[in-house]
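Asks: What follows is the residue order along each chain.
Protein chains: 2
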Amino acid sequence: MYPPTTSSPLGHHHLTAQILNYQLTHGMHLRHIHLKQPQPSHNTTSSSSSYPISTSIFPTPFPRALFHHAHNLQPIYNELYARLSDNESWLYNSVIAPLLPVDSFARILWEIHLRMKNKRGGGGGGYGSDISMGLFRSDYMLHVPGEYNEEVEVEVGVSLEENDNAGLRLKQVEFNTIACAGGCHAKKVVDMHRYLTRTGVYNDDGSLSSAANGEGYREKSPITLSSLPTNENIKGLADSLATAHDIYYGGPVRSDLATKTGVLFVVQPDNFNVADELPIEYALWDRENPIPTYRVEWGDDVLERTCLGGNRELLFYPHLQGEGSRPVEISVVYLRAGLEVHEYDAVGIECRVRLEQSRAIKCPSVLGHVLTFKKVQQALMGPGVLERFLDSKEKVSAIRDTFVGMFSMDGDSEEGRYARGLATDPESAWRYILKPSLEGGGHNIYGEDIPGFLLGMSSESEWGRYVLMERIRSPVVGNVLMSRMGVEESDVVSELGVFGLCIWKKGEILRNKTVGWSLKTKFADVDEMSVVKGFGCFDTPLLV
Amino acid sequence: MYPPTTSSPLGHHHLTAQILNYQLTHGMHLRHIHLKQPQPSHNTTSSSSSYPISTSIFPTPFPRALFHHAHNLQPIYNELYARLSDNESWLYNSVIAPLLPVDSFARILWEIHLRMKNKRGGGGGGYGSDISMGLFRSDYMLHVPGEYNEEVEVEVGVSLEENDNAGLRLKQVEFNTIACAGGCHAKKVVDMHRYLTRTGVYNDDGSLSSAANGEGYREKSPITLSSLPTNENIKGLADSLATAHDIYYGGPVRSDLATKTGVLFVVQPDNFNVADELPIEYALWDRENPIPTYRVEWGDDVLERTCLGGNRELLFYPHLQGEGSRPVEISVVYLRAGLEVHEYDAVGIECRVRLEQSRAIKCPSVLGHVLTFKKVQQALMGPGVLERFLDSKEKVSAIRDTFVGMFSMDGDSEEGRYARGLATDPESAWRYILKPSLEGGGHNIYGEDIPGFLLGMSSESEWGRYVLMERIRSPVVGNVLMSRMGVEESDVVSELGVFGLCIWKKGEILRNKTVGWSLKTKFADVDEMSVVKGFGCFDTPLLV
Chain A
1 MYPPTTSSPL
11 GHHHLTAQIL
21 NYQLTHGMHL
31 RHIHLKQPQP
41 SHNTTSSSSS
51 YPISTSIFPT
61 PFPRALFHHA
71 HNLQPIYNEL
81 YARLSDNESW
91 LYNSVIAPLL
101 PVDSFARILW
111 EIHLRMKNKR
121 GGGGGGYGSD
131 ISMGLFRSDY
141 MLHVPGEYNE
151 EVEVEVGVSL
161 EENDNAGLRL
171 KQVEFNTIAC
181 AGGCHAKKVV
191 DMHRYLTRTG
201 VYNDDGSLSS
211 AANGEGYREK
221 SPITLSSLPT
231 NENIKGLADS
241 LATAHDIYYG
251 GPVRSDLATK
261 TGVLFVVQPD
271 NFNVADELPI
281 EYALWDRENP
291 IPTYRVEWGD
301 DVLERTCLGG
311 NRELLFYPHL
321 QGEGSRPVEI
331 SVVYLRAGLE
341 VHEYDAVGIE
351 CRVRLEQSRA
361 IKCPSVLGHV
371 LTFKKVQQAL
381 MGPGVLERFL
391 DSKEKVSAIR
401 DTFVGMFSMD
411 GDSEEGRYAR
421 GLATDPESAW
431 RYILKPSLEG
441 GGHNIYGEDI
451 PGFLLGMSSE
461 SEWGRYVLME
471 RIRSPVVGNV
481 LMSRMGVEES
491 DVVSELGVFG
501 LCIWKKGEIL
511 RNKTVGWSLK
521 TKFADVDEMS
531 VVKGFGCFDT
541 PLLV
Chain B
1 MYPPTTSSPL
11 GHHHLTAQIL
21 NYQLTHGMHL
31 RHIHLKQPQP
41 SHNTTSSSSS
51 YPISTSIFPT
61 PFPRALFHHA
71 HNLQPIYNEL
81 YARLSDNESW
91 LYNSVIAPLL
101 PVDSFARILW
111 EIHLRMKNKR
121 GGGGGGYGSD
131 ISMGLFRSDY
141 MLHVPGEYNE
151 EVEVEVGVSL
161 EENDNAGLRL
171 KQVEFNTIAC
181 AGGCHAKKVV
191 DMHRYLTRTG
201 VYNDDGSLSS
211 AANGEGYREK
221 SPITLSSLPT
231 NENIKGLADS
241 LATAHDIYYG
251 GPVRSDLATK
261 TGVLFVVQPD
271 NFNVADELPI
281 EYALWDRENP
291 IPTYRVEWGD
301 DVLERTCLGG
311 NRELLFYPHL
321 QGEGSRPVEI
331 SVVYLRAGLE
341 VHEYDAVGIE
351 CRVRLEQSRA
361 IKCPSVLGHV
371 LTFKKVQQAL
381 MGPGVLERFL
391 DSKEKVSAIR
401 DTFVGMFSMD
411 GDSEEGRYAR
421 GLATDPESAW
431 RYILKPSLEG
441 GGHNIYGEDI
451 PGFLLGMSSE
461 SEWGRYVLME
471 RIRSPVVGNV
481 LMSRMGVEES
491 DVVSELGVFG
501 LCIWKKGEIL
511 RNKTVGWSLK
521 TKFADVDEMS
531 VVKGFGCFDT
541 PLLV
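So the protein sequences, as listed, match chains A and B.
So the first sequence is numbered by the UniProt record's numbering: it starts at 1 and just counts up by one.
So the second sequence is numbered by the UniProt record's numbering: it starts at 1 and just counts up by one.
In short, the hints are calculated from the structure, not lab data.
Even for Gly, the Cβ is constructed at its ideal location relative to N, Cα and C.
Check the hints yourself; a few may be wrong.
Unchecked claim - To give an idea of the chain B side of the interface with chain A (calculated C-beta under 10 angstroms), a few residues:
no.	residue
1	G27
2	H29
3	E277
4	P279
5	E281
6	T293
7	F389
8	Y418
From just these sequences and the hints, can you work out the full model?
Replies: And the structure:
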């Protein structure tokens, strides 16, 4: 039986109190946002309260073999996506062309690409760098193969002896190529669960073990340090940026103006989730050879604080420097903004163009960015596509094995018409998720809601913005989740994210590795998964 | 001119934003308190938002020589207070006897002492350990010698070339012997100011330097890494507890019942300042040889979770253990509670008695605790007192040099009558502070308020609870302080606290060292100093 039961409500209270204490002292908080403008006096705002991010009380069982398998898949996915971004004609035909009439974000990004490519931009002209960088995150859920059964109640086996997990597979939920978040929180939650384990709260003398048989027999709790993997996301993400920085720094031209070279985080204004960005910055400053790292806000702030040097260096003027002081030459632009269509007003577009025109390495570049559209996942399912971009049968088969059915919703193709049939029929729609090509959660339509949603749209031509994806049949396990809504025990399902670094230069892959992972867990009866939006929790896998 | 000016209001805004970010991600927060009881279901409270602790925007200049001098004083003070606690008759005659009729807290603590000493307690009888431990904090302010002048406007010199500071002295504000707080916050604020310095925000290309002469000439900012001392409070405090743990562990008797030995933090329920306690616990768990460390709340929680073993071992049953599991033998009881008189109801008294009866090392014991009364400082001024407890003229003179005038307010002595005259006369009262013997801030009466306060009391006999202390004439310097009230620039004064460890055994001093320090800064026109109560900020000395 999982999770282990606590001995009493008081014990439960004590455990949540320990978690809240740990979160408070380790920056595992989200900020309450008070929008205030800087004032022309010293009395600027300093009100800045915060609240703990949602977390699971216990780690959640996850098959050890599949945890490691996901890590091994990442370099193959990295390679695949690097090659996709290098193939403009495939990208255009398979992803962009179908979206252009229906998806404004795809249109905006492609127009920026064309402006760069055709050097129609004012000033510096086209793309300033032929090196691309991705800090990707591939998300998976566990999947129970076989016929879909609405009442699926397979549990993840907790005991190492059990073979319950033998049939489980990893299926990809999505592949993210821009502003992949959660790395810092994920690392800290793992540290927290490991701390709680080390201090004995999960298993001191077996006290927190299962009392399933009702006869006072105490099983040992399965939660042990050796079953909780360590997590080095912060170091991994910082090292990734440092690697790109070194590649830039080893290049030929540097500005005479700048006194130093550094990394630039482009961030969203008034972000309530800065605690997921800052530890990476601090880690870059804390290296033995510190890498100067700065934050700048997407939009006006970028345009005011940067300019292009004579060799297209991106020159950045830190906020706390006075007039006349010398700029920093930016080696790597790390985008934690520019991922949502509303950020692309005229200023946002100029901001992106400025960055792309520079010789700084962009994480990601525009062509890396568009790979985050769900349409890409669907296009990869086409016959022969994986074979075209991957150089071995083993790689193709490993990647294809993570796919679930995914269909275009366009009105012109056989496939699209088939998918439209599935999606509008309540008898079949419940087995699917309708996903727009936009990045991020909160926009998906689930199962029985799909037919009504589609029929309520003003025109069927808009349907082409979506892809239809089979629902992953995830096994459940019990856990207790703690969020702002309270502490609640129920069946949960988890999503494993794997972070990958890839740096490439027109066909040549310079760096390719797995750099970290995150586990998010939500109640099984909740569709959405977004911890910062209040759905789901950060978690640690209990490897079984 | 100090502090360095920022180039613009926007720059100022950017600096405070960086500080808020750093605080959020490093646990430099106080908790909003929502009082809720544990519920008999899983829906216990998990709401726990927090807000940043007050901090200075810039480090505050402080004379380097006096900073180091305060460190050197600490072992002498440690030794002095250890010897005082060993001398019951002096303690009784000089401190307790005058307070007994007027101070209920002194009465309660002394009754506990007598009950221990006379073995009148039920169960285990008298004191369980002859080893005492102090984690002390001695607080100093800078003092301008000479005639008191209300309009004192001496500034701390910022430049190393200046000799302005040559005449300054350290004067002791108070000496704390129980639950000395601020160590963790102090360390983190120092790390923060050092981080801001490393990243160049105070002095990138001189941009934040003074523009005092109005001709665009840029002085270099005086804020450099080498002028900001590092702070290892968390390690120092944890190492101190580990030292006492090792001394206990090296002793003769250990329980057959217990499976391990550990340190117990006795804390106040619903403390909003847990972020100043927890890092010390984590550091004990994080040692190469981890020391199990637990929290228990003062009062019922102590009585329910502990008992005395056959050899007076303090046996602690962690909250998350079930019935029948084995206890932890406590080596060191670290009191972060029991410092306020309201905590000593019948349960609180039994709690303290239980702890004192045990063979665990108490930090502090009752006789160490009573040394925190201001009456001790005043009694130490008596002729020959320091000479009696310290073994060299150099030590006596170093300690006496930190004293300002301090008078008993009793009605029986010549000194008391003289002090009563000073305190009730508005012509003289403004030069003094009236301090009750209670620990902690918030109870002092300042200067011109003293005569009215005294005359408003129901009986002159109550005046004996107070001591009259000369105000320290602190030099001022400009700084910008950030609190919940906003960001404000003005003249400030600072208070340097030095943490000391002393472990002694009836006349024999086993350990004696300086373990850390804190700097708190407040506006010069504010009397009170208590950061957690909203007066003053944590700060870093800029050594000049």
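Asks: The structure should be examined with respect to each hint, and the outcome stated for every one.
Replies: Cross-check of the supplied hints:
1. Given hint, G27 (chain B) at the interface with chain A, holds; its Cβ is 4 angstroms from that chain's nearest Cβ, closer than 10 angstroms.
2. For H29 (chain B), the interface hint holds, since its Cβ comes within 10 angstroms of a Cβ in chain A; the closest pair sits about 6 angstroms apart.
3. Annotation: interface hint on E277 (chain B) holds; nearest CB of chain A at approximately 9 angstroms, less than 10 angstroms.
4. Using the Cβ-Cβ criterion of 10 angstroms, the hint placing P279 (chain B) at the interface with chain A is satisfied: the shortest such distance is roughly 6 angstroms.
5. The beta carbon of E281 (chain B) is positioned within 10 angstroms of a beta carbon in chain A (closest approach about 9 angstroms), and the interface hint is therefore held.
6. Here the hint on T293 (chain B) is kept, as its CB sits about 8 angstroms from the closest CB of chain A, short of 10 angstroms.
7. Taken as an interface hint, F389 (chain B) does not check out: its beta carbon lies about 39 angstroms from the nearest beta carbon of chain A, beyond 10 angstroms.
8. Evaluation of the Y418 (chain B) hint against chain A yields a violated restraint, the C-beta minimum of about 46 angstroms exceeding 10 angstroms.
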